[in-house]
Amino acid sequence: MDGCKVLIVEDSRATRELLAAAIEVLEGVEVYTAVSGFEALKVLPRHRFALIITDINMPDINGLELINFVKKNPHYRQTPLFIVTTEGREQDRDRGLQLGADEYLVKPFQSELLTALARRYLKR
Amino acid sequence: MPPPRALTEFVAEANEVLETLAHDVAVLDAQRGHDPEPDLLNAVFRAAHSLKGLSAMFGQEKIAGLAHHLEDVLDALRLGKVQHDDTLIDTLLEGVDVLTLMLREASGDEAHPDTAPRAQALTEAFARLATGGSGAAVDVLDEVGLDPGIRNVFTEYEEHRLRENVKKGVALWKVRAVFSLEDFDQRLSALNATLKPLGEVISTLPSSQPGDDASIAFDLIFGSSRPRPEIATAVEGVAIVSPLTQKTMAPTPVPAAAPAPRKPPPTLFLQDASAPDLPAYGGSASPSGVMQGAEPSLRSLAQTVRVDIGRLDGLMNTIGELLTVRANIQRLSEVARNAGGAPLPKLWAQELQKETRALERKLDDLQNGVLDVRMVPLVQVFDKLARLMRRLVRQSGKDVHFEVSGGDVELDKLIVEELSDPLMHLLRNALDHGVEAPDQRVARGKDARGVIRLKAQQLGNQVQIEVGDDGAGMDEMRIRQVAIERGVVTREATDEMERRELLNLVFLPGFSTRADVSELSGRGVGLDVVKTNLSRLSGLIDIESRRGEGTRFLLTLPLTLAIIRALVVSVGERTFAVPLNSVTEIVSVKPAELRTIERREVLDVRGQTLPFVRLSRVFGLQELPVERHFVVIIGLAQERFGLAVDALLGQEDIVTKPLGGRLKGVRGIAGATELGDRRAVLVLDVGALVEDLKRPMAAVS
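Each protein sequence line maps, in turn, to chains A and B.
The numbering used here puts the first sequence at residues 1 to 124.
The numbering used here puts the second sequence at residues 125 to 825.
It is worth saying that the hints were derived from the structure and are not from the lab.
Glycine residues also receive a C-beta, built at the ideal position from the N, C-alpha and C atoms.
Watch out, some of these pointers could steer you wrong.
[Unchecked claim] Simulated DEER-style distance windows between Cβ atoms:
# : chain 1 : residue 1 : chain 2 : residue 2 : range
1 : A       : Arg-119   : B       : Gln-581   : 55 to 63 Å
2 : A       : His-75    : B       : His-158   : 42 to 50 Å
3 : B       : Gln-155   : A       : Gln-78    : 42 to 50 Å
4 : A       : Arg-119   : B       : Arg-689   : 56 to 64 Å
5 : A       : His-75    : B       : Thr-318   : 27 to 35 Å
6 : B       : Asp-233   : A       : His-75    : 48 to 56 Å
7 : A       : Ala-20    : B       : Gln-581   : 38 to 46 Å
8 : B       : Val-459   : A       : Glu-24    : 55 to 63 Å
9 : B       : Ala-572   : A       : Phe-109   : 53 to 61 Å
[As the list claims (entries may be wrong)] Some, not all, of what chain B presents toward chain A, calculated at C-beta under 10 Å:
#  : residue
10 : Met-181
11 : Phe-278
12 : Glu-306
13 : Asp-309
14 : Leu-312
15 : Ser-327
16 : Phe-342
Looking at chain B on its own, in the form it has when it is part of the complex (with noise of 0.2 Å):
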């Protein structure tokens, strides 16, 4: 039925579905334990549902059939006929990510061989859960002498929830209100605020009997214990509030929930993860540096924010292109300024610059609004790992409370994307060698549940995300074994090494391997993937350990890689882009006030010792004898170092592209840009001048 390019509208909007269910069924299970909210079990509900027409109107047998089963599920939980305990969350969260996999096929990937046998058992785990409960006895509702007339436009949900209302003996209202067509959704919204403390709206009904043209009455069907006047008085002026059946019920006695069993994971789930003693993420190691894993990778299926990604590319590329415009006439116009009596008219360059000004409001304008765009809440990932971690969690017979935080954070769309993968590695890493088994943290007077943090905070340009443990923290003593086992490190080199610099030894590549996974009480499997993946997006990653307390790995991000403000400097013919969102501060030095420590030059900085590195030295650049230093501070997570340059010439809006050829991937620069005066310049790789100056000097071969 639909055309092909409907396919991909389709598999666009059937992922935001699976999302919206994913978070959905999260909070679901953070509700364990009390009586969920009805509208969040209809919301659940009704995702399903969409899912089932979507997929059918769009010829996806297959997913429309599984989620048929889903809804059904869903459906019996609402109407209070299953038990929400842990088996109905596990085939919850199971569901939605088989059904991710099976869009994952529709949209044109590889067949995963798991897939059918998976869809199968949760089919049939479905549709055990689904039959699971009893029926309703006999009908309340009949019994309290409703309007059949009303009764017939309810949905069978709708019902449910009138009746749980008169079973508890309840009384049913119903209010009254007419509304302007103009406004009536917000005035609606405002009526169902008002009366949500003192009861459930239990449906709103567009009222047949028109007042007239210009207005729209409805009926609020709304169940509530307080007496009338209470209601009447809280809606006054509003609308008018009558009973809507003839008697109320005694409440029927509800039998005490009982606390839902906690039971063993179901095999049922097993079967995608790794041997019990081999932990799932065993050869994630891969010299390809791809990661590699039992799961999925996590990675959005849709590639759209609403607004196709592609499109948004070339738009800010034409607005990367407009900025040199900008600039060009900026020069133009400097120009026009400074001729001072030449055939220019002054006026000419007035109208000029102030054409400049208006040009230049409306770009930072046309620039924040498509960067808004792009930015993405980190909840979106923060939601799947969540969903991963309380799987692992279970598989490892560990006991953990897994913390999340700041997923309100916004990122670039792109970044958030790519950050799926490091952060499910990190967190893996944290639950298999971090957190101690429950026995052990008992003998070491620890809480037996130990704890997992993943938070993210903005900090100025730049995010910082942390995954943390308190649980064993890592032995650097070990950590230097191994590396000088593995080759990674000279024993000499590793002499002179403080506590931090050992730390991050596990990022070099060639610290782990496989076999490292059961033996090594510390970590560092693959980490050395973790960062190069970091460091594409133009992020760092730094280690905080402390013995027996834990360990927390601090990842620092750029908002944004799109449009970036630098800095234009110089050294000799050179000239080069520092984006501007390292750079703290510029300060001028004469040589004199340098001074050397352990061969590395420092300079003072208001009473703190910065590394002092020249930007010549850096690129073997021809070194000219100055009378002072212009000094750039640099300033990237917790690391600060002083940058030192010939000149300074001026702020830039730039678009870094990357190099292609015999400079690709020359150390220390991120790319090239073009300048306003069409000179294609060299842009600066803070990270991984900040790495190099971290890295011991005699650690690379």
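Only chain A is shown next, with the shape it has when bound in the complex (with noise of 0.2 Å):
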């Protein structure tokens, strides 16, 4: 995993943070934030991504929006991505893989299940 990358698009402060613990705890993994979609628009292209994990409810363009985005575009249309949200409904679920998510996580979660889980996409 040395090297990889991950961004990570969440924006509260204090989220951000613990999401970006539960990735760090991966050796050799380069954690990226973005605070908005907006901002995640900007990054996306400067590096090469491993692994993309998104909030839905952001302010600018929501997290869907980027999903669709980024799976429509053939530079980022193989990269994981994972939803990480509050919505927990089965029709947000639904949407939210329809558009291409690889993972769903409904907060509140255990770090570790998304530490285990990011192992497991970056090791591919």
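Put the two chains together into one complex, using the hints given.
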């Protein structure tokens, strides 16, 4: 996993740090963070990310719009993407997965779960 | 899940979210009567949503649970399923209060017995509200033929906005723009600003069809009833407009919005207030000097101004020491230059001076920068007070309009925090004792609706905050009588007092007791505590009152307490520092020019007669005969007087340190400071000197 870059898109400062900590457990992984969809759009082309983790409800563009963009773009289409959200309803999950998200985590969850899932995808 | 350190982070962020929420709800309240702005509704909803997610991540299940219910209500509100009325706003405000309490407890405060029942009552109230509305019937979006691929990425709220536009017969457009990756956010906000007057930008979709690596395309989903050419012209050269839907619907008639009925305050929210016959702040004249009342303190929970204030204080201390060093270098260079021909080469002295000047400039920058970080707008406190007043007014049964202005005035964070309790106290006083009952007002020929004002303005280095009302005004004869009865002042002493002096009696300790609350038509409950709190902030309080017209309390405060510029003066062998923000000018007078009026010395400065105070006499120091007095004219609020000193030694930046031991609490001394030559000197408490001057001679036993 050396040199793997992970992008975390989350507008809550404290949550962002928590997510980052869960990923940084993995050795050699570099974490990048964005506080909004716009910032994510700016960071995306600058690095080759091995994993994107995004919240849904954010200012400017929402997470679904970001996922739609990523999954339809030939440059990023292959990048695994996790949704991290408080929306636990069936229809929200369906929608996220339909747009191409790989995992759907409903807050709150154990940070170990995120670490484990990230490890699995980064090893591929 | 979170490490303990993270809890602090959580509390700080949750607190910020709650403050935003409270502010937005206040704006929402102000927009009652017309359709609230979609952006605002969305912002309020997002705040509740963020709080829910954040609390859940940090294992704060109770907060997350309540925030979830709040979110449901706000979601229903932005989807147009809940009526925007008094009940709603009250419930939302109560929600903010209870969540703040819960957050306090999460951060380690003792649990308040009322919190759990209030949270429970709220959960039920939220649930009632959220399910109150009617669901959507036929989906109009299906009828206009919207591409399901596009619909998939919309959140429920965005879909709702689409529906609202479609229902009104507003056409939906796709506005496509391609921007450089470098600055697309600025370009997008410019495009948004262009479009906004023409309609509503419902969503911004980054397009999956990229132009090249350096640019990105966006589709703005735009609802507008303007003709296509008009929109196209507005965005010409920036974006291309095309229809989003295959057809437009005829507008469905919207039933005229019935005005929201004003309901009596729900009893649910009365439980934390005092019994109806006892004004809520009864018992506030506590001897400990701690303000008490039914309301929890309005002080903010967060100890951060983005930067930890403890660190800032450390930084400020460092700067204070640096300033001392600077003064040292300055003195050394002075000595070196004056050594004239001695071993020191002249060039060395010049170099040293050049360095000193550079150091000085850098320090100024640093000082200003750090001071800026400490400054916060008063709106943080004003918002909380407005919320409190709203509730108190409804409970009081009086009709009062609460006017707030000057929330953008900035003050040192520490001062702002300390202000909330005194201001709350004064506002309660204005409501309980200032503004009359509606029938009384009408009988006196006034508008039945009273006005209470909270207003701030910056005046040079000081900030003035006014708490005013248009009520009955204060009755000085009544105050005099009470003061005599209480033994605060002797009858003889009051004989010579002017109205203003009589009014100021309310600030004396012992003037008010709890029993006054209902019987005294004037004011005065615990005002001595307000005054003590203010003087701790180097602030002053004054009263202006006209019988039948109203009362104004004027608070004058320094902008910061951190580093101040001081005038260094001496009397005999002693040196003192006088805060320069209260010095208006310096004059010199011959002893013969002084006059005596009513056993007090005065001097004339350009036609104005001012009290003349000898600093030596204030502190019982030896007086030397002089040919001329140096007189420092002090101006604080509307008070002015001349302070006579023996010599003026110069100006310095000082950091005032509190005094300990036997010197603690000596009247007229604010603290001590170290000067550039490492001498420790006392800093004068100008506010206290002004107070003593105003205080009637015989009033204090």
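Hints and how they fare:
1. Our hint of 55 to 63 Å for Arg-119(A) and Gln-581(B) holds, since their Cβ atoms are close to 59 Å apart.
2. At about 46 Å, the beta-carbon gap between His-75(A) and His-158(B) stays in the expected band of 42 to 50 Å.
3. About 47 Å separates the C-beta atoms of Gln-155(B) and Gln-78(A), a value consistent with the hinted range of 42 to 50 Å.
4. Remark: the range hint 56 to 64 Å for Arg-119(A) to Arg-689(B) is upheld by a beta-carbon distance near 59 Å.
5. Taking 27 to 35 Å as the suggested C-beta distance range, the pair His-75(A) and Thr-318(B) conforms, at roughly 30 Å.
6. Here the CB-CB span from Asp-233(B) to His-75(A) is close to 50 Å, well matched to the stated 48 to 56 Å.
7. In this structure the supplied range 38 to 46 Å holds for Ala-20(A) paired with Gln-581(B), their Cβ-Cβ distance being about 44 Å.
8. Distance hint check: the CB atoms of Val-459(B) and Glu-24(A) are about 57 Å apart, consistent with the given range 55 to 63 Å.
9. At about 57 Å, the beta-carbon gap between Ala-572(B) and Phe-109(A) stays in the expected band of 53 to 61 Å.
10. The criterion of a C-beta within 10 Å of any C-beta in chain A is met by Met-181(B), whose closest approach is roughly 5 Å, and the hint holds.
11. At a threshold of 10 Å, the smallest CB-CB gap from Phe-278(B) to chain A is about 8 Å, leaving the interface hint in force.
12. Interface hint status for Glu-306(B): upheld, as the beta-carbon distance to the closest one in chain A is roughly 8 Å, under 10 Å.
13. For Asp-309(B), the interface hint holds, the least distance from its beta-carbon to any beta-carbon of chain A being 5 Å, beneath 10 Å.
14. For Leu-312(B), the shortest C-beta to C-beta distance to chain A is roughly 8 Å, which falls under 10 Å, so the interface hint holds.
15. For the restraint placing Ser-327(B) at the interface with chain A, the shortest Cβ-Cβ distance is roughly 7 Å, inside the 10 Å limit, so the hint holds.
16. The interface hint given for Phe-342(B) holds, since its Cβ lies 9 Å from the closest Cβ of chain A, which is under the 10 Å cut-off.
The structure agrees with every numbered hint stated previously.
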